[in-house]
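The opening position of the sequence shown corresponds to residue 866 in the working numbering, with each subsequent residue numbered one higher.
What the hints contain is simulated information worked out from the structure, not anything from laboratory work.
Just so you know, even glycine gets a beta-carbon here, dropped at the ideal spot from N, CA and C.
Hints may be right or wrong, so weigh each one.
[As the list claims (entries may be wrong)] In silico lysine-lysine, DSS-like type, Cα no more than 30 Å apart, as pairs: (1) Lys1213 <-> Lys911; (2) Lys908 <-> Lys1125; (3) Lys1213 <-> Lys1317; (4) Lys1120 <-> Lys1154; (5) Lys1120 <-> Lys1091; (6) Lys1091 <-> Lys911; (7) Lys1091 <-> Lys1149; (8) Lys1317 <-> Lys1154; (9) Lys911 <-> Lys1154; (10) Lys1288 <-> Lys1277; (11) Lys1277 <-> Lys1091; (12) Lys1307 <-> Lys1327; (13) Lys1331 <-> Lys1307; (14) Lys1293 <-> Lys1331; (15) Lys1277 <-> Lys1213; (16) Lys1331 <-> Lys1317; (17) Lys1331 <-> Lys1288; (18) Lys1149 <-> Lys904; (19) Lys1120 <-> Lys1293; (20) Lys1317 <-> Lys1293; (21) Lys1288 <-> Lys1307.
[Claimed, not checked] Between beta-carbon pairs, the in silico distance windows are: (22) Ala1193 <-> Ala1047: 16 to 22 Å; (23) Lys1307 <-> Ser1115: 44 to 50 Å; (24) Leu1223 <-> Ala905: 33 to 39 Å; (25) Gly986 <-> Lys911: 33 to 39 Å.
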Amino acid sequence: MARILKKGNDVFYNEAQVTNRDLSVAVLRRFLPQLAQEKADGKIRKPGQAQKDKKAKKDAKAKDQPAQPAQGNARLLEGLAASGLRSIRYALELDGVSRIDATDLDPAVVDSMRANIALNGPEAQARVVPTCSDARLLMLQSPEAYDAIDLDPYGTPAHFLDSALQAVAEGGLLAVTATDMAVLCGNSGEVCWTKYGSYPIHRPYCHEAAVRILLSCLESHANRYKRYIVPLLSVHMDFYIRVFVRVFTSAAEIKCSASKQAYVWQSQGCDSWWLQPVGQQQQKGNSVKHMPAHGPAVPQNRCPESGAAFLMGGPIWARPLHDQVWVAELLQQMEAEAGRYAQFARLKGILTSVLEELPDVPLYYNVHDMCRTVRCTPPRAEQLRSAIINAGFRVSGSHANPLALKTDAPPKVVWDIVRCWVKMHPIKPPQPGTYPAVILSKEVETEADFRKAAGAVPESVKAGVKRFVQNPAFWGPKARHGRPLKPEQQKQQLAQAEQRRTQQQQQQQQQDQGAAAAGGSGSSGGAAAGGSSGTAAAAAAAAAQEAAAGRHQGEAAAAAASDGDDLLSMLYDKEDEETQRPPKKARNMPAAEAAAAAGTS
């Protein structure tokens, strides 16, 4: 069990990132044996080594040598390691790792990191190498490439990506966290453009769009070195996004990069959106021709549903966010060793939602927002999904939002379903000339059938899997290390400490009561049996205490979620009270005024 020493805010450490750390450990436990086996089988080769590998294979075949088993000798790098806890966990929980470079730019932080490594014994000291250095220089100056690089900075990772994509080995893993969600979600679009080369749009799908902006940025950096990315898992959780991508080299494959990206056309008057691919491919015989994509993706110069003008954002990654076969194997492996992860319940919910997503449908709708636009009470999720399925289209949820609706149905069909719902449940007529009035005045072309359809309820809901587990109290981002804590932050930390103390005391009392009960049972059976039972009880109590010390956060999360899956019940059993709130000013603006404003700008 990894341990660290903490003192005030001298070294950055955030308990809320235990979910991130657990997921990272699980991904590497699944990935590193796979990479070692691929290298042993000759599937992963360094660029320019094809001829050498071919000759070596012929020589081995001529000598009739047996195939060599996969051997793990992986080299890892954690940039911005802070306390070093993540690197220590890698050293203690991963097999086949020979060296882990843990670097930070602050000498005081590195001193603390060394103390934490020493605290965790000789195994951590043998594998983790703390370094006081700029992570970018360390990556560029490393004589050997890294099999896995983990970047978890405070804020944006943008200025580390170029170095990381050069330093990661062929077929290696790059894990990147971004916590500047306000920037990625569109609150500061110009800042996002300068950092990531993409313009965000602040709409309900902004969290998934943030993931796709980061992937687009990674692909762009990789292409400069004839490399490209293959996402294994890309998620939004809590206050950050986390992506795991493999990096390969191919001058031919990078020509396809433009066809993997798209711009977004977003209506200003409603939640309708369209994707505009950047490039396309045309197959001609055995050759592939790369061309600009056809456009425009929008049917006319104004939204066909609301009559409003468009916003254009992007480019974003338009290919799948995950390798769903790989994620299914990851979840299966995690279930087999669930006791290893403090946040297993939450990670199981996230990965289950990932597996149920439509992989080829970027972005999503929030139907409650759509109903709020026309000021109607939303249908239950089951009813809406049924209507889409009965219309001949596919539908799923998203791990990024419990109210998300992914579908390959065009906006016209989705709005027709909303219009049919309003006809079945009449509302007060909206003011003429407003966006709601324009939307509801459109003729319905697809009649909605709300009868229950097969597949309307996700399998995870039927199985009782909690997909959106609530977090414990005081769960969120922390202040950057080295800054003096404000009074309210000090109060928060004291409250957290008191909460942990109470939980630990309760756990200790339960363990003592269990040990006493086990000891009494043993003594009643005879002296020898009593001594044996007492020893076993003491050992069980010690093991339980050790496990509880590492898993108290996971237990707190499970306790917080034990009251019921509130988000799922809201989705499937309740009506959204937010529909009673007044609409946003922009959506209440008359269409004529909006058109005039757009023309004058």
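Quick rundown of the hints versus the structure:
no.: 1; hint: Lys1213 <-> Lys911; in the structure: 35 Å, violated
no.: 2; hint: Lys908 <-> Lys1125; in the structure: 24 Å, holds
no.: 3; hint: Lys1213 <-> Lys1317; in the structure: 28 Å, holds
no.: 4; hint: Lys1120 <-> Lys1154; in the structure: 10 Å, holds
no.: 5; hint: Lys1120 <-> Lys1091; in the structure: 9 Å, holds
no.: 6; hint: Lys1091 <-> Lys911; in the structure: 13 Å, holds
no.: 7; hint: Lys1091 <-> Lys1149; in the structure: 24 Å, holds
no.: 8; hint: Lys1317 <-> Lys1154; in the structure: 45 Å, violated
no.: 9; hint: Lys911 <-> Lys1154; in the structure: 27 Å, holds
no.: 10; hint: Lys1288 <-> Lys1277; in the structure: 16 Å, holds
no.: 11; hint: Lys1277 <-> Lys1091; in the structure: 40 Å, violated
no.: 12; hint: Lys1307 <-> Lys1327; in the structure: 37 Å, violated
no.: 13; hint: Lys1331 <-> Lys1307; in the structure: 39 Å, violated
no.: 14; hint: Lys1293 <-> Lys1331; in the structure: 37 Å, violated
no.: 15; hint: Lys1277 <-> Lys1213; in the structure: 35 Å, violated
no.: 16; hint: Lys1331 <-> Lys1317; in the structure: 23 Å, holds
no.: 17; hint: Lys1331 <-> Lys1288; in the structure: 34 Å, violated
no.: 18; hint: Lys1149 <-> Lys904; in the structure: 34 Å, violated
no.: 19; hint: Lys1120 <-> Lys1293; in the structure: 54 Å, violated
no.: 20; hint: Lys1317 <-> Lys1293; in the structure: 28 Å, holds
no.: 21; hint: Lys1288 <-> Lys1307; in the structure: 12 Å, holds
no.: 22; hint: Ala1193 <-> Ala1047: 16 to 22 Å; in the structure: 33 Å, violated
no.: 23; hint: Lys1307 <-> Ser1115: 44 to 50 Å; in the structure: 47 Å, holds
no.: 24; hint: Leu1223 <-> Ala905: 33 to 39 Å; in the structure: 35 Å, holds
no.: 25; hint: Gly986 <-> Lys911: 33 to 39 Å; in the structure: 35 Å, holds
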